[in-house]
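Participant: Full structure from sequences and hints, please.
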Amino acid sequence: MALLEAQFALDQDEVPVGAIVVLDGVVVGKGHNQTRTLMDPTAHAEIIAITSACQAVGQARLDGADMYVTLEPCSMCAGAMVWAHIRRLYYGAADPKAGGCGSVFDIAREPRLNHQVEVYPGISEPSARKLLEAYFQARRIRGQAVS
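Under my numbering, the residue at position 40 of the sequence shown is numbered 62, and the numbers go up by one with no gaps.
Some hints here could point you the wrong way.
[Claimed, not checked] Derived DEER-like restraints, expressed as beta-carbon distance ranges:
#1 Leu60 with Arg162: 36 to 44 angstroms
#2 Phe158 with Val48: 31 to 39 angstroms
#3 Ala82 with Leu60: 30 to 38 angstroms
#4 Met98 with Gln159: 21 to 29 angstroms
#5 Ala82 with Arg161: 30 to 38 angstroms
Source of the hints: derived by calculation from the structure; they are not laboratory data. Nothing here was measured: the structure is a model prediction, and the numbers come from that model. The C-beta atom is built at its ideal place from N, Cα and C for all residues, glycine as well.
Facilitator: In structure tokens form, the structure reads like this:
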């Protein structure tokens with residue numbers, strides 16, 4: 023499902039990242055990147071999925087919930103996962119430029135914070151990477167700035 027969300031983002035000319043939140047075996051939140059669409063730098067897939075999940079369960083914490091994301095979350099999203107008390111993170115492709123869950127920073131597992139997230143990288147990594155590569159290659163061909 024996270025890969026489908028990433029495809030929705032790609033179809034909207036957004037960086038193809040998708041995320042879902044699962045609680046007790048039920049998807050309670052989902053999202054895809056919408057930073058360009060919403061003109062909001064915080065509209066990352068993870069933030070949208072967490073917000074959606076919190077609204078669905080009626081509380082600001084998601085104790086016991088797991089998140090599946092196609093790309094390693096950035097520092098902002100890792101911080102949001104800590105504050106939401108996400109139990110486990112499963113992500114696809116690592117992000118060596120901005121990863122906040124082990125590649126550049128490790129906010130999700132920072133022992134000085136009040137909560138740590140278990141992190142499991144590499145889930146469906148080839149499929150996630152393929153979507154990201156297609157997006158960035160298309161932007162280069164069109165001569166658009168790549169960020």
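Participant: With 30 to 38 angstroms as the target window, see if Ala82 and Leu60 comply at their CB atoms.
Facilitator: At 21 angstroms between Cβs, range violated.
Participant: Phe158 and Val48, beta-carbon distance inside 31 to 39 angstroms?
Facilitator: holds (34 angstroms)
Participant: Lying within 36 to 44 angstroms: is that true of the beta-carbon distance Leu60 to Arg162?
Facilitator: At 24 angstroms between Cβs, range violated.
Participant: So the hint says 21 to 29 angstroms: do the beta-carbon atoms of Met98 and Gln159 match that?
Facilitator: holds (26 angstroms)
Participant: Could you say whether the range 30 to 38 angstroms given as a hint is met by the Cβ separation of Ala82 and Arg161?
Facilitator: holds (36 angstroms)
Violated hints, in rising order: 1 and 3; the structure is consistent with all others.
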